[in-house]
Amino acid sequence: MNPDFLYAIRTCPALDPAVRDDFPMTGIQSHGKPFAYLNNAATTLKPLPVLEAMDRYYREYGSPIHRGADRIAHKATTAFESVRRTVARFLGTPHPEAVVFTGGTTAGLNLVCLSYGELVVGAGDEVVVTPNEHHANYVPWQQLCRRKNAKLVLAPLDANGCLQPEALESVMTERTRIVACSHITNVMGAAMDLRALAAVVHRHGAVIVVDGAQGVVHERPDVVGWDIDFYAFSGHKLYGPTGVGVLYGRPALLEKMPPVVMGGEMIDIVDVYETSFREPPWRFEAGTLPVAEVIGLGAAIDYVLELGYCGMQKKVLGLTERAVRGLSGLENVHVYNPENAFSGVLSFNIRGVHPHDASSVYDREGIALRAGHHCSQPTMRWLGVGATLRASFAIYNDDSEVDRLIEASKKAGDFLDVLF
Amino acid sequence: MYSSDLYRQIIMDHYQNPRNHHLTENPDYCTVRLKNPSCGDDITVQVCLCGGRVADCRQNGSGCSICCSSASMMSELLREKSVEEALELVACFRQMVMGEPCDLDMLEEAQSLAGVANLPPRVNCATLAWQAAERGILQAAAEGVEQGAPGELADGIEEAR
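Chains A and B, in that order, are what the protein sequence lines are. For the first sequence, our numbering assigns the number 325 to the initial residue and increments by one for each residue that follows. For the second sequence, our numbering assigns the number -16 to the initial residue and increments by one for each residue that follows.
Since the hints were made in silico from the structure, they are not lab data. Ideal Cβ positions, reconstructed from N, Cα and C, are used throughout, including at glycine. None of the hints are false.
Chain B regions said to be covered by chain A (calculated; three or more residues, Cβ under 8 Å):
1. 42 to 48
2. 102 to 113
Not the full set, but computed from the structure, chain B residues with beta-carbon under 8 Å of chain A:
3. Y(-10)
4. R(-9)
5. I(-6)
6. S21
7. G98
8. V99
Anything over 12 Å on all C-beta distances counts as not near chain B; from chain A, calculated:
9. D328
10. P337
11. R344
12. P348
13. H398
14. T402
15. L443
16. R471
17. D482
18. R544
19. V584
20. E589
21. F601
22. D722
Turn these sequences into a full structure, and let the hints guide you.
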């Protein structure tokens, strides 16, 4: 991570600690102890403005969008479409029509693969991924390559799990059609310089598809400034609701792409034997979308923009560095990614203790974290382990929760205690 | 009646010194591999029926202490039981870890895992091998796959990695 960037984060104003009170779930207990939610890379807790926006839709104007001529339905449609503009501004594009609402990051990445990938990848072509992708940004490309008799190429990563532009350059060929990588990876928490990677990709005439599920939480994307072709993210990791996500696509590319799911609202004219389809983004939004969730996503984006990314980054960096210091100081702990504190993701293991055994010790202390392969078996292979523990931090966490994580880690060797 | 210290010793002993953990390539065995996708537990169980009895039960895999010790205890318990008894033991173990009443003594050392009933997220770890054995026994019984002579059991058993 660029030292100047980290310095800028450290020197920005701190978030008001009262942010924690915006999240009702921070007040619950687990096993009789205050609940310490440290599984934020899986999903985040939701703030009141998001809950209230969704509740308001259901209580006051829960009507169909694009499917009613009445005043209330119009209000719902307007609210829904205004989120598209909010998302476009958030991502740094002047084109709301470049924003496709999806079910989440996975759905967005699969859409790119099944529509654009099917269109441009042929026998002998190459698709580049990294060995640290989440299954959602790995398996679709792997399977596409199998179907097309194309080659799946793994770009080499540095010791911190970061894809450096030179390393990407080394695997690019004239047959490379697509490069799929994460903005921030979900196990190592490595943050990529997407602007530099996109430049390499475009120099070779390929397109870059970004899994933004983790990245969007910690660094505001600038799809136009960074020259990104596709960027997918989910609402639920960004303090928004589950069941909704966004796929940004470069308008010229979306224009060329055929729809994958057919149904209501995505059509133009349906003749007996032929159908013409609407323009993007509606072409890709068949059926009734999760309206309340889209409205909740809009509220989540408003919420994070109000807090400001710099303050959020400072908070998460501080918590993660505290955890790295504390855990690295323990004899029985191995931390896999001490250099990636910016991402708020900390992957580690207790020596001699299976992560799933350890996870019950944390659970008993009221701490939620994740144990397993984190939907990225390729990363486990890359690390040479079967599974890890992963603690991940968010803006509502505090130092006392980090300290509880460290204390519990000291006792993780007594994992059979939870049975008695 | 066992004490919790003894239970701990039993579990750790099976975890660190797993029983019957060499798999075989003998085609008379019915092999079932099950995974717990959320945590990565991965257990292979092999059963061999002979004369309506479980002549042999083997297991190998990777996972947490609960998953692996459970598989090891099971492999000892099911041996030499009739198909009906073995299926009853599987059902009994499942009841125990779900916190439902059952005849604990029947489970012998496997009752050391009774505390799993207080750890709902770990129930799947404990039952994975038992589920595999149940499937293997039913499959073998349905296919009528039976070992010819009991004396040949050790044939083709390979050292696991």
